[in-house]
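S.K.: Going line by line, the protein sequences match chains A and B. Here the working numbering is used: the first residue of the first sequence is 5, the next is one more, and so on. Here the working numbering is used: the first residue of the second sequence is 38, the next is one more, and so on.
In short, the hints are calculated from the structure, not lab data. Everything numeric in this text was worked out from a predicted model, so none of it was measured. A portion of the hints provided could be inaccurate.
Label pairs and their in silico Cβ distance ranges [stated by the list, open to error]:
1. A:168 x B:113: 20 to 28 Å
2. A:25 x B:157: 53 to 61 Å
3. A:42 x B:128: 41 to 49 Å
4. B:216 x A:107: 53 to 61 Å
5. A:107 x B:260: 28 to 36 Å
6. B:126 x A:11: 48 to 56 Å
7. A:24 x B:79: 35 to 43 Å
8. A:143 x B:256: 49 to 57 Å
9. B:260 x A:116: 38 to 46 Å
Built from N, CA and C at the ideal position, the CB exists for glycine as well.
Chain by chain, the residues:
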Amino acid sequence: MTQWVIYSGLLIALLLPIVGTIEFKTPRNVEAENFFQLIEDNVKPGDIVFVSLDFGPGTAAENLPQANTVTEHLFRKGAKILFLSFSPQAEPFLSGVPTSVTARLKNEGLDLKYGEDYAIAGFRPAPAVFLQRLVLSQNLAESLENDIYGTRISTLPLANNLKSIRDVSAWFEFTGLAGMVQNYIQYLNTGNLVKFFHGCTSVIVPEAYIYKDSKQILGLLEGITGGVVYDELLSKRYENRARYSEFSTQFQSLSLGQLYILFLILLGNLLTLIKNVRN
Amino acid sequence: MYETSVIILAGLGTLAIYSYLFGENYVYRFFEHIFIGVAAAYVPLLIIRDQLWPQGLAYLLGYSELIDPNYQPNNFKYFVISLSFLIGLFFYFSYISSRLTIFTKFAILISLAISAGISIKGNFTELLPQIKSAIKPLWDEYEILYSNIVFLICIVFTFTYFIFSLNTKKTPIQDWMMRISKVLLMICFGAFFGSTISARLSLLVERVYFLSNEWKRAILSLF
Numbered sequence: 005m006t007q008w009v010i011y012s013g014l015l016i017a018l019l020l021p022i023v024g025t026i027e028f029k030t031p032r033n034v035e036a037e038n039f040f041q042l043i044e045d046n047v048k049p050g051d052i053v054f055v056s057l058d059f060g061p062g063t064a065a066e067n068l069p070q071a072n073t074v075t076e077h078l079f080r081k082g083a084k085i086l087f088l089s090f091s092p093q094a095e096p097f098l099s100g101v102p103t104s105v106t107a108r109l110k111n112e113g114l115d116l117k118y119g120e121d122y123a124i125a126g127f128r129p130a131p132a133v134f135l136q137r138l139v140l141s142q143n144l145a146e147s148l149e150n151d152i153y154g155t156r157i158s159t160l161p162l163a164n165n166l167k168s169i170r171d172v173s174a175w176f177e178f179t180g181l182a183g184m185v186q187n188y189i190q191y192l193n194t195g196n197l198v199k200f201f202h203g204c205t206s207v208i209v210p211e212a213y214i215y216k217d218s219k220q221i222l223g224l225l226e227g228i229t230g231g232v233v234y235d236e237l238l239s240k241r242y243e244n245r246a247r248y249s250e251f252s253t254q255f256q257s258l259s260l261g262q263l264y265i266l267f268l269i270l271l272g273n274l275l276t277l278i279k280n281v282r283n
Numbered sequence: 038m039y040e041t042s043v044i045i046l047a048g049l050g051t052l053a054i055y056s057y058l059f060g061e062n063y064v065y066r067f068f069e070h071i072f073i074g075v076a077a078a079y080v081p082l083l084i085i086r087d088q089l090w091p092q093g094l095a096y097l098l099g100y101s102e103l104i105d106p107n108y109q110p111n112n113f114k115y116f117v118i119s120l121s122f123l124i125g126l127f128f129y130f131s132y133i134s135s136r137l138t139i140f141t142k143f144a145i146l147i148s149l150a151i152s153a154g155i156s157i158k159g160n161f162t163e164l165l166p167q168i169k170s171a172i173k174p175l176w177d178e179y180e181i182l183y184s185n186i187v188f189l190i191c192i193v194f195t196f197t198y199f200i201f202s203l204n205t206k207k208t209p210i211q212d213w214m215m216r217i218s219k220v221l222l223m224i225c226f227g228a229f230f231g232s233t234i235s236a237r238l239s240l241l242v243e244r245v246y247f248l249s250n251e252w253k254r255a256i257l258s259l260f
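Bound-form chain A, shown alone (with noise of 0.2 Å):
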């Protein structure tokens, strides 16, 4: 009966924000911030930037919104972005990302072209040998093969400039998975070689924020609130954007969810407390 109880509360604390009832403010996330103002100084227009999707539909709800922002910020700022990933669960997001952020910024007018703009490397596994071979490779956009269209990549115009490793302006990467953003930092060499930006999910923060400090991760977005704060930071750079409306009442539901668990904690310990205060 107890586990019912509970259970309903949650889905009603889950369900108030969905059905447009109650409304938090978004916080201020400094490392969000640090992320949004190291793209806006260091990407220039035709910086070629990977970016790497590594995630499933299981963590979706936390990177998803990471990756559409920093993605449609990247394209903003003119970059030219090359998608893949080292997860098989991915393929829905790689083709899935470029065409909902692309499809947003035709509406105001941005109209991105397939391999001129971005191009979808595709899956890729054995991310340690993948990343060494590029790191090594002397004409890189070659090393990358086909897309998963099945063209060269090296014949995309994107790729003109692309010959080495030191011709990548930055790394960004998600995921959900421990011990992913490791292959990236012991093979792209990442603080020397490549700027690395990591969006990950709250599961795995911790272990981030240790690459956070030596600087082996230049930028850091946390979970769903990453996300949807950077959203609020592009909404403020450019106004007449619109604004990830789903990640937002999320990130609400997320907010309302939290303080139904940490009064249930306050509740069980008080009503602990009171028991053996009474024995």
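Got chain A; can you put chain B on it based on the hints?
M.R.: Quick look at chain B alone, frame taken from chain A:
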């Protein structure tokens, strides 16, 4: 119509998996088996489509023009691909006969040697900057100084916790330090646990949002 049916099926799948909250049941089992079956077939298919075919089989079977129209036949590349396929096949030789296990062991040996080489290099690249960043100045602006002192205390105490746990007889100072380190470790685990709850809740929120928006709309569109 196709998209609507996909959304309805996805919603039913979500509800079926959450039906586990009521306890073990046939609906949950059925959808769990579907998930395992799809996942088991999906990854090999992806590997064949995106890797084995374009990286190797297409060249070996003479379909290289489908992958790279400008490809010039290259004996060295052909040799490397053939060799890697052969070593890969060695992994399965032990299933044919126990006498052929030596080939499987050879493949494992090569795989281990490569992994070890890659890991050693990678671990140095990962750890050296961290060791460097752990050495922080104790004279700086007040805010940085404060954070660096806390960092130093945490790192020293956490180290001592694991070093002192080797000794059976502890001095009162060691005992006192261990108690503090235990508190620090518990704070750290608490932070891990809190962020884990937050992540799991995010996933639940996304599903609830999906069910109450897209799925509800898809169901209503049927009537």
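S.K.: Which earlier hints can't be squared with this structure?
M.R.: Nothing - there is no hint that the structure violates, so all of them hold.
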